[in-house]
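Just need the whole structure built from these sequences, with the hints factored in.
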Amino acid sequence: KNPRYGRQSAYPLPPNGDGYPPVPEDLPKLSKDRMSSESKNDQKSDGASVVVCVDHSEQRDTVLDYCYKNLFPTAGKITILHAMEYSLIPFLPETGGLSLSGHSSVGVNTYIKNQAEKKADSLLRSVASQCVKKGFKVDKLKLVY
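Residue numbers for the sequence shown follow the UniProt record's numbering, so the first one is 1 and each next one is one higher.
For the record, the hints were derived by calculation from the structure and aren't laboratory data. This one's a predicted model, so the numbers in the text were calculated from it and none came from an experiment. Glycine residues also receive a C-beta, built at the ideal position from the N, C-alpha and C atoms. A couple of the hints might just be wrong.
[To be verified] Derived BS3-like pairs: lysine-lysine, alpha-carbon spacing no greater than 25 Å straight-line:
#1 K77 - K140
#2 K118 - K137
#3 K77 - K137
#4 K113 - K134
#5 K137 - K69
#6 K69 - K118
#7 K140 - K118
#8 K113 - K137
#9 K113 - K77
[Claimed, not checked] Pair by pair, the computed Cβ-Cβ distance ranges are:
#10 S105 - T74: 44 to 52 Å
#11 Y111 - K134: 30 to 38 Å
#12 H56 - V106: 23 to 31 Å
#13 K69 - N109: 25 to 33 Å
#14 K137 - S57: 20 to 28 Å
#15 S49 - G107: 38 to 46 Å
#16 A48 - S87: 33 to 41 Å
Below, the structure is given as structure tokens:
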């Protein structure tokens, strides 16, 4: 049974807490930007730079398989990118059906953003780990929002 959907899934989740396998510690550090442009010294001259955008869907493995066979072997630089998305709460009512007294919307929104970043970081590290297992060095993990 898939805990995310409460029903049987064709794609069962791994047994660890975040749903992704453990990853090596020597992966590149995650960089977070608000869709800013890259600096020119961020590119290598040998081989093309490849940017692969990933999400939490099962189809990302199909895309990665294509990249392993067709793009990564000649790549000068490999960047794994994820565009993070999360919903903020504009305000919290003090009375009514939802009672979260003692919690401001700023505090709750900070928590929501931190949880979204943790999930995105876990995804990027998992994909980078898969690339390393296939023999490809990932130069950069990029999270944009």
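Now the hints, each set against the structure:
1. K77 - K140: Status holds; Cα separation ~8 Å.
2. K118 - K137: Answer holds: K118 to K137 is near 22 Å, not above 25 Å.
3. K77 - K137: With Cα atoms ~8 Å apart, K77 and K137 stay inside 25 Å; holds.
4. K113 - K134: Violated, at about 32 Å.
5. K137 - K69: holds, 14 Å
6. K69 - K118: Violated: K69 and K118 sit about 30 Å apart, past 25 Å.
7. K140 - K118: Within the cut-off at roughly 17 Å; holds.
8. K113 - K137: Distance of about 29 Å is beyond 25 Å: violated.
9. K113 - K77: violated, 29 Å
10. S105 - T74: 44 to 52 Å: holds, 49 Å
11. Y111 - K134: 30 to 38 Å: holds, 36 Å
12. H56 - V106: 23 to 31 Å: Check passed, 27 Å falls within 23 to 31 Å.
13. K69 - N109: 25 to 33 Å: violated, 42 Å
14. K137 - S57: 20 to 28 Å: The hint (20 to 28 Å, Cβ to Cβ) holds, given that K137 and S57 are roughly 25 Å apart.
15. S49 - G107: 38 to 46 Å: holds, 40 Å
16. A48 - S87: 33 to 41 Å: holds, 36 Å
Going down the numbered hints, you'll see the structure goes against 4, 6, 8, 9 and 13, while the others check out.
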